[in-house]
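Please construct the entire structure, taking both the sequences and the accompanying hints into account.
Residue strings, one per chain:
There are 2 protein chains.
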Amino acid sequence: MAKLQQSSYVLCLAFSVAVNLYLILNLYGHGAGGQWELSWSRRAAEEAEHVAAVPCSGHGRAYLDGLVLDDGKQPGCECNSCFGGSDCSQFLTDCESNADGGDPYFLEPFWMEHASESAILVAGWHRMGYSFSDKSYISQELERLIRKVHDVAGNAVTQGRYIVIGAGSTHLINAAVQALSSSSTDNFNSSSSSPASIVVTIPYYALYETQTEYFQSVNYKFEGDGSLLNLSSGTKRVIEFVTAPNNPDGKLNKANFQGPNSAAIYDRVYYWPHFTPIPTPANDDVMVFSISKLTGHAGTRLGWAVIKDEAVYQRILQHTLISNLGISRDAQLRAMKLLNVVVEGGGKEIFEFGYTTMRKRWEKLKNTLSLSNRFSLQKDEPLFCTFFQKRRGPSPAYAWVKCEREEDVDCYKVLQEEANVYGRRGSVFGAEDRYVRLALIRSQDDFDILLHRLNQLVSKEDDSQPQTSINNVTTHEFLRRKSRK
Amino acid sequence: MAKLQQSSYVLCLAFSVAVNLYLILNLYGHGAGGQWELSWSRRAAEEAEHVAAVPCSGHGRAYLDGLVLDDGKQPGCECNSCFGGSDCSQFLTDCESNADGGDPYFLEPFWMEHASESAILVAGWHRMGYSFSDKSYISQELERLIRKVHDVAGNAVTQGRYIVIGAGSTHLINAAVQALSSSSTDNFNSSSSSPASIVVTIPYYALYETQTEYFQSVNYKFEGDGSLLNLSSGTKRVIEFVTAPNNPDGKLNKANFQGPNSAAIYDRVYYWPHFTPIPTPANDDVMVFSISKLTGHAGTRLGWAVIKDEAVYQRILQHTLISNLGISRDAQLRAMKLLNVVVEGGGKEIFEFGYTTMRKRWEKLKNTLSLSNRFSLQKDEPLFCTFFQKRRGPSPAYAWVKCEREEDVDCYKVLQEEANVYGRRGSVFGAEDRYVRLALIRSQDDFDILLHRLNQLVSKEDDSQPQTSINNVTTHEFLRRKSRK
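Residue numbers (numbering that gives the first Met the number 0), protein chains in the order written: chain E, 0 to 484; chain S, 0 to 484.
No lab work stands behind these hints, which were simulated from the structure alone.
25 Å max Cα-Cα, derived DSS-like pairs, lysine-lysine:
| # | chain 1 | residue 1 | chain 2 | residue 2 |
| --- | --- | --- | --- | --- |
| 1 | E | Lys147 | S | Lys72 |
| 2 | E | Lys412 | E | Lys378 |
| 3 | E | Lys365 | E | Lys250 |
| 4 | E | Lys147 | E | Lys389 |
| 5 | S | Lys347 | S | Lys389 |
| 6 | E | Lys378 | E | Lys363 |
| 7 | S | Lys412 | E | Lys134 |
| 8 | E | Lys365 | E | Lys378 |
| 9 | S | Lys147 | E | Lys72 |
| 10 | S | Lys235 | S | Lys220 |
| 11 | E | Lys253 | E | Lys401 |
| 12 | E | Lys220 | S | Lys220 |
| 13 | E | Lys412 | S | Lys134 |
| 14 | E | Lys401 | E | Lys459 |
| 15 | E | Lys235 | E | Lys307 |
Predicted, not measured: the structure shown is a model, and the values here were computed from it.
Given below as structure tokens:
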């Protein structure tokens, strides 16, 4: 009996010692080759994880720099449009469908899935100086990654090209206008001192005009539609904005002006497999890209210009220094980390994700509007895409919707009043108000609500009943469907 | 015997189980109230700690976005000027003493001491959109902290004032020029459409001129020294840069122009207890501040303007949007974190550190140059400082050195050729080249080397021996002293 008891003690002891060994290995074994024992970084890491763990029902998220709620503990949820309540679980029935701004939240789920690889911990003493150790204002490592991303996507030639980082394409667009128009430039054969004409093709992104007119430079003047330009004098200098794919209509525009007195600024921020087939690597003299439309980080004000000519490069670089004294090191560090994730595995993952998401949305929208005689969409022309090695259609960032009924001269108003959908007026793009731009790159919630509202609107086309309480019926149904998911 | 054995088994088992319990509590007990079990943030935290642990001999540091060395493991050391070798332990005897740029590394040790409170972990999905949830481009939390910092320092009135964030003071200075000069402005009574005159007081910070001339606006023109301006027409609009404390000479300048046709842009980036007594909270119409000279983070391109007039505020805000589409969210997040540390305990810690460091440097420099008949410094006028509640002298960011010998017309060259010290020429500030600016806000290494070289130079004033191999003797001795520390 005692023997039995003794051997059971031995067994228990052996088991307990084994558990001890296992626990010791788990607890202290990390330093020896496993996990690093965190010290000063732990607090920041914990803060970030606490905030990320705030429950927002999948319709919002909390941010580190969000407003702290009354309980004083942590920032509260910031809900997607049409959702409210402290945990974003409440659907706001009469809300506006926001299809206006170009916030690229469609990529947010990608980064949530790649949380570990895309996080950065910034130390309090990180890069306090104005310049990097090579005296430059641009991280060499970031520049290397930008070239790599273009190699991977096959969307631009960067070999033998200069690269300048700016505070988003917005910053670089003005830098390029200044660089190409400044009277000291030898890009133009003309000795004329009259201001260079800045021209566009309608429809065009409004910022080109706003910005060019805002700066009121003696060196350049916004002249609008290039096809209306009087070139009889022969020495007029022309700087042309070429947006390819175009914002708003997704067209792969090409320069209309050639020759020694003209220069083009190619805005290529949408020239990624997310949005368009990539028929060939772009090889224009001055091309502008941005992290906003590549990784979805519009808030990280960072873009880059790829430039052929050294003198133009020097002037664009000078602009970024004179206007901003370089680009925030914090943004450069973040861009570096994000691009590292993008180039992993040849870019397959993010471009697949971006394309699939955007193509799905586009097809759903096409299907909806194909039932309509009242609304039409831009054409969908498939091309061979060198990235996916197949013929594919576009998956554009924006829908360029036209109201076809004669009486619907204000398409923005039609969508707003009849569907509670807020797009961006055609006239903002220099086009007729018969057109309206709808953003497709926003959050899934925004897209779902937009599509739902458009479905409702289209389904009423043959309906002769008076149009009351559209939203009340539809949004309740919508909410039910959402909660069933 | 068996009994004895049995009880010793029981004892061992009890001990083992107790150890088990202790280990289990250590390993899994964190969630219950101790440490949070880190998941997705751990990798970023480890990366940051690994990089921070790279040994650089106290004369350099490694950065997360530094170039990766051949071993492919982690970024290498970036050494302070005059130090080299893979661990920065090597003193470079013939190196140049860099007293040119205004990199505010003097605050780096403060942030290394506050590693835990100042670190941030940025999630991959942090603030991807263009605007905050209130549709603004400026973090409310950051704005709140900016007001608090001014309250704490007592250096500016912010109650009832508007605040705009920009990409450093560089960005905001041009925004203010544009805002105050634009022809749509009603800040001027004049209906004249001639460009506003931008004026300065000599010596002045060169960027005002570079930037104003660079943009070549029809609305404003750089006219240099305000005292030379011909105001006979009576309707001339004047915009005056007032830098207080002044860069380069530390003077608390005041506006020279008054009345309905003039406006002042107060550049107050050095108006912090680090550099100057704070006699009273500044209360100017347009004031510009920056994180660079407050926390030392020049690389985080972030500054702010404090503005009285709403229309001017709206135009300055518009400028930041049209030129850059707002300020990087990453930089705003970082600034928020840093300002949180600044305001802790009423700002005592950082301002004490900043003042003590800068005052020590200034006194050492004064002592050295007090032995010289060849070089003189700007005056040192004590004032009552409301922050420290005592009368105190300045502790300026820059020394404004004058060469007193008639033949020393090029003071920059004198210091360069005779002491291997590189300052910034007086003519860069619109002054005579008999002056040179020496930066005192750089790293402790930079200051030590500068002081040492100046000591050597001054000690030779009475020395009639030929001036050969100055640096060879001195730097060896210097190196010996450094290694003894």
